[in-house]
Amino acid sequence: MVGVVLLAALAVTAALSLSLGAADLSPHAAALSVLSRVPGLGGLEPGLSSAQQTIVFELRLPRLALALLVGGALAIAGVVMQAFFQNPMAAPSIIGVSAGASLGATVAVVSGVSIGVAGLGAVPPAAFVGALLATGIVYVLSRRGGGTPVGVLLLTGIAMGSLLSAAAALVLVTGQDPTRRDLDQVVYWMLGSVAGRTWGHVLLLLLYAGVAGALTMLFARELNVLSLGDDTAHYLGLNVEQVRLTVLALASLLTAAAVAVSGVIGFVGLIVPHLMRIVAGPDHRVLIPAAGVAGGVLLAMADVLARLIAAPAEVPVGIITSLLGAPFFLYLLHRRREYGM
Amino acid sequence: MPEVALEARGLHCGYDGRLVLSGVDLALAHGEFAGLIGPNGSGKTTLVRALAGRLPAQSGEVLLDGAPMAAMARREVARRLAVVPQISTPPFEFTVREVVAMGRTPHLGRLQAERAEDREAVARALALTDVAALANRPVTELSGGEYQRVVIARALTQEAPVMLLDEPVSHLDIGHQVEILELLVRLNRDEGRTILAVSHDLNLAARYCDRLIALEQGRVVASGAPEEIITDALIERLYDCAVLIDAGPTGRPRVTLLGGDAR
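Going line by line, the protein sequences match chains A and H.
The first sequence lines up with residues 1 to 341 when you count with this note's numbering.
The second sequence lines up with residues 1 to 263 when you count with this note's numbering.
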């Protein structure tokens with residue numbers, strides 16, 4: 001049931017995302033033009049000009065695919081981090097993990113190492129290292145006697161996030177050609193955007209996030225048990241330290257892959273796991289795929305808004321997710337009975 | 001099969017350099033129902049965690065069925081030894097059934113779906129602990145006593161021959177206390193399960209356990225039948241509190257508190 005609703009939302013989102021923007025196309029024609037490229041459906045006649053075809057295939061389709069993958073990766077990373085910290089307020093952008101990935105990525109971009117797909121080969125591994133270090137530091141600093149209290153985790157994460165974001169911004173600004181510093185680029189990175197990306201970016205993300213997402217599914221049962229607490233997980237036969245390290249690496253990899261292609265997009269990793277726990281339940285065997293799809297839908301819809309809200313200009317999609325996510329976060333904090341300070 | 005199910009030999013354990021257990025020697029025979037008593041801070045919970053392999057021994061060792069536990073795979077240990085820890089409600093809204101079904105984790109492969117035998121074990125544990133009516137409720141909405149029974153149900157689904165329980169009835173009303181303890185007696189008598197339960201309630205411990213083990217400052221200071229352990233001298237020494245001990249109507253020792261002034 002949840003699956004059907006999510007897939008329907010996915011289809012609607014895809015149609016809107018392909019048709020809305022600076023050049024309006026009908027959703028029908030946009031969808032037909034994509035379907036006509038599917039082998040065996042060549043007889044469909046979408047009736048789009050070749051310029052419109054280019055818009056669909058070289059601009060909007062990769063952008064849609066990227067938004068779906070980034071949103072899905074961030075949402076799954078949020079699910080895993082909440083189980084890892086046994087704390088439903090954990091999320092990559094909130095506890096500084098995205099900022100860590102961002103710092104790693106900016107160092108790689110500015111240092112000009114360019115290998116592999118889309119000249120981006122060095123960025124995801126560097127982002128991964130940054131994300132892993134940030135998570136590890138926040139974890140060590142916020143641990144109090146076998147748990148991570150909400151208050152300590154959030155404050156530690158906020159401080160780490162501020163520090164790492166500032167460092168990333170500094171690297172971006174000072175790393176540019178001093179004669180023509182472009183702060184727009186910094187803004188787009190710090191707020192996160194999926195605009196202007198190519199199929200190369202999509203392939204890169206598909207590789208990293210696809211592998212990490214599939215591996216995360218293999219750990220669904222362990223994540224269930226882990227969210228009951230370390231002692232209980234141990235008593236139920238888990239090798240707790242080994243599982244913790246593995247899922248930490250997977251969450252960091254998912255975050256890093258998303259950040260490497262789109263900058264820091266906030267709150268998707270918080271909102272989506274929460275909503276999906278309500279509609280699909282906390283069992284990770286269902287929660288992970290549900291959050292993956294819903295995260296993609298949320299970000300793709302936010303991206304449609306980002307294109308329309310100030311048309312013909314665009315805003316970074318991270319502004320939209322923060323406008324939606326920050327009030328949601330405040331609501332969750334307000335609703336909690338105890339803050340665990 | 002060796003006669004001893006679970007054994008600690010010269011066990012030293014602690015946290016951050018502070019030693020809590022300083023040389024515990026303890027052997028649980030197969031089919032035994034033992035109670036662990038002792039004042040706050042004597043190391044009862046630490047001993048349970050150490051016996052379950054959760055705390056590494058600084059020296060000494062824990063043997064499960066005669067083999068060093070530290071060298072065994074975690075899953076294998078969890079199939080043979082179930083633990084009911086002191087409860088703390090989880091942060092996520094799993095249903096009672098989902099939490100209890102997690103007790104099957106050591107019996108299931110990574111991608112294996114639950115089999116009929118797994119579902120039967122879950123249904124049986126839900127019924128035995130009187131939480132079947134709560135099966136679809138989120139555990140976050142339960143009272144302490146209800147969740148305590150859920151945790152016991154989860155341990156039962158592990159179907160492990162040895163069970164360690166850390167204050168399993170501390171949050172329960174007297175009706176459910178007796179119900180759970182009599183369930184443990186049945187599991188012990190009818191299925192031959194080996195049980196070690198920590199208890200602060202000396203009367204319940206004396207009433208239901210075959211043997212009591214007294215812990216003081218990280219050492220076993222006495223071990224024997226309830227009549228041998230529940231004595232004025234030992235109880236006053238352990239708890240620094242005056243008591244009157246007589247034979248209760250059940251035939252087991254009965255402890256009446258007299259308070260600190262009565263000495």
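Worth flagging that the hints you see were computed from the coordinates, not collected in a lab.
What you are looking at is a predicted structure, and each value in this text was computed from that prediction instead of being measured.
The C-beta atom is built at its ideal place from N, Cα and C for all residues, glycine as well.
Any given hint might turn out to be false.
Chain H side only, calculated, beta carbon under 10 Å to chain A, not exhaustive [what the hints assert, rightly or not]:
(1) Arg49
(2) Ser59
(3) Val83
(4) Pro90
(5) Leu111
(6) Arg154
(7) Thr231
(8) Ala233
(9) Leu234
(10) Cys241
For this session: Would you pick out the hints that fail for this structure and give their numbers low to high?
Result: 2, 7, 8, 9 and 10
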